[in-house]
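Visitor: With the sequences and hints as input, model every part of the structure.
Chain by chain, the residues:
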Amino acid sequence: MDTPAVATEALTRRFGSFTAVDGVTLRVAPGQFFGFLGPNGAGKSTTIRMLTGLLAPTSGRMEVLGLDLVAHPAAVKRQIGVVPEGMALFGRLTGAEYLNFVGQMYGLDRPTAARRTNELLELMQLGDQMKKLVTDYSHGMQKKLALAAAVIHGPRVLFLDEPFEGVDAVAAVTLKNMLQSMIARGATIFLTSHVLEIVERLCSHVAIIHRGRLVAQGSLDELRQGVEAGVAAAAGAEGAPTAEKLTLEQIFLRIVGGGPAAAPQELSWLS
Amino acid sequence: MAELTPPPRASLTGQQLRAIAGVRWRLMANSLRTTRGALELVSHLWMGFWFAVLGLGGAVGAGAAGWYFAAHGQLEWIAVLLWPLFLFWQVFPLAASAFTEQADTSNLARFPLRYPTYVLVRIAFGAFDVATLVGGFCLLGLVIGVAIARPGLLAGAALAALLFAAFNILLAQMIFAWLERWLARRRTREILTLVFILLVFSINFIGPLSRRWHLGGAGVETSASQLPWLVPLERWLPPGLPAHALAAAARGHYGVGAAGLLLLAAWGMAALALLHLRLRAEYRGETLTESAAAPRTVRPAAAAAARAPPAELGLAGVVIPVGPVGAVARKELRYLARSPMMFFTLAMPVVLLVLFHFQFFAAGRPGMHPRGQLNLAGIGFPVGVAYALLVLSNLIFNSFGTDAAGVQFYFVSPVSFRQILMGKNLAYGLILVAEAVAIYVAATLTDGPPAAWIVAATVLGLAFGALCDFACGNLLSLYMPKKIDLSRLGRQGGRGTSGLAALLVQGLVIGLAAIAVVGGRVYGHPWLAVLILALLAVAAGLGYVAVLGAVEPIAQGRRETLIAELSKA
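If you're matching them up, the sequences are chains A and B in order. Everything in the first sequence is counted per this note's numbering, starting at 2 for the first residue and increasing by one. Everything in the second sequence is counted per this note's numbering, starting at 226 for the first residue and increasing by one.
What the hints contain is simulated information worked out from the structure, not anything from laboratory work. Please note that a few of the clues may not be correct.
To be verified - Here are the simulated DSSO-like cross-link-like pairs (lysine-lysine), alpha carbons at most 30 Å apart as the crow flies:
#1 A:Lys177 x A:Lys246
#2 B:Lys793 x B:Lys708
#3 A:Lys132 x A:Lys177
#4 A:Lys132 x B:Lys793
#5 A:Lys132 x B:Lys708
Guide: Right, dumping it as structure tokens:
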């Protein structure tokens, strides 16, 4: 059996008396496009921050490419790329300077870093913004730059926290194409997103976290079958197939709850 | 939708001002929930206490002098007090811009604040600084002194002091706002740097000129007598106006006195008008960025140049190693090169050196040639270098402050914090070396080259001080991080506790260096001081290496605090 690209065992993180991530055990096989979903405050970002070394776990184990992240942080970090929640950009560098800097931090020599910088900026359609400081980029441009920085060293595993948030449709297509080409070359992508349509289209496997606990994990079809079976059981007609395939959004809502009943009441001063 | 009817203007303004004051208070109160916040308040109170003591001292002195001048009918001489006060009020905020903290009012622009309210808030926030505290105390003392001697002049003196204070507050803010605007652009920074370099070399001519005045044999009096055109001019300038207005009022010429105060008010209005130009742009949402001025279309040649690897930062690029340490050092230098603060960091020690030079010449008397009595070059070079170290300590003691949310990158990258901090220290070290060279050149041009042992002692003292600063600063950067904004003047203040620690370390370093130098001179062996400083530098180097070995676990243990503090909006 292949060494999982990402594996956690009873991963837990507490903030005082609040448990943000509660005994999460998951496995992501190499080459998977893995979607990590959950409602706001479910523990997605906390998990991804632990997996990328931005946050220490309270207990549990984490392995990336078979290496314990706590025991071998540098060896793991050399093989992963990260777009964290805050993007971690250096605002007062230009896009080219930033990418060159990141490349050198990952051990690329200057000519290689410069060559890859140019290629990435062209691919991300940022080539005409080379003189602009990162702080003056639009949110979408910053996202593209953050993704470019995450892949400049050719990582084997890519962790992306909400990569499509604030990105326009044109840029989203570019990002999606790039991510799919990375998957085609054997990389693993671990992604969180609230845009379920994108996750459904891109990801082969999904895990859902709710109130800190992992409540579902598997391929999209496995999740769909599980939910459909549950629905059928509840309706008393075991095994009866539903008329239409459930979308990821429907699966998600069935698992974590919500829907029209949870809609807000009208606001008195806006009526 | 009746609730959407806005309240009357005056009531809305009052409500908004109360809300702003309330939110400032809540921010302060909420900060006390953490030990770090409480320590911060204690350090601010501690510094505030000493500045208040300084202000009270100034108030007593100004009060005594005011009483003397009023009692002896020499109220014009109050100008002698007001000129230094004026210079302090204007120069101190610039000299201390690396340490002071100005409230950021730009986020108020999204609220429906009327422009006059915005101006009021901006000026009120800007007025809470050390210069205003000390200046206010001195003026209060002066008014009390004059009123004790001449009770009839109380109202006039109070009005004059108020107008003078308002003028200084407005002028200081106007200078700050315009400098910030000019220095935000690369092109203007380059022009100002060029002007500054020319100025440094023009100092070459100042020395002989000063000497010519002194060799005339009459010291300050001669210098003043050779500049007679300055005397009538002085009475029309803001520091002279209150003095002459009060003197006129004391002689019963109330109309002349009132005209003087009106002219002072006009000076204040002129400062406000120039400040208004900046504030109006700010109010309309102007952002001071490099690229705001950049051309929208990129020519092919420029685009090709931009595609090339980033430039090697001139001479610095030669000494910076390849690899992660060098990458961090380059990144720091690029960051600082784009900061208006850097201009001041490099310029102020040299500017103060020149002022220092004039101070000593002005203090000279016939028969007491400064060169004979006091080796100015000997003092200028080490004092300038010590000041440069002090100015940069703000960055050294909060070295992640400029990275903001970018600090997350260091945690996800495979580079150790030992290397990251070495890179930052390398950048600061290169700046200090460049600064020391500039100060050496300025000191040599004004007063001739310093003695060899002074150069050696200063260089070793700099090594000792810098290594102490790097060692302590690396630890405090991890323990007391605070996000700072390099793009705005007066937004580089680190945590108060870091500032206090930095001052403590500087005091210790300068104290030990002074003991070594004085000891060496007392025993007639100046080179003994060099030896002692060399030993101190070696000891500091060992301490630095020990700290570097300990930073990784500290950084990892404090990563949540670091990221949270530096990623704050």
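Visitor: Mind listing which of the numbered hints don't hold for this structure, in increasing order?
Guide: none
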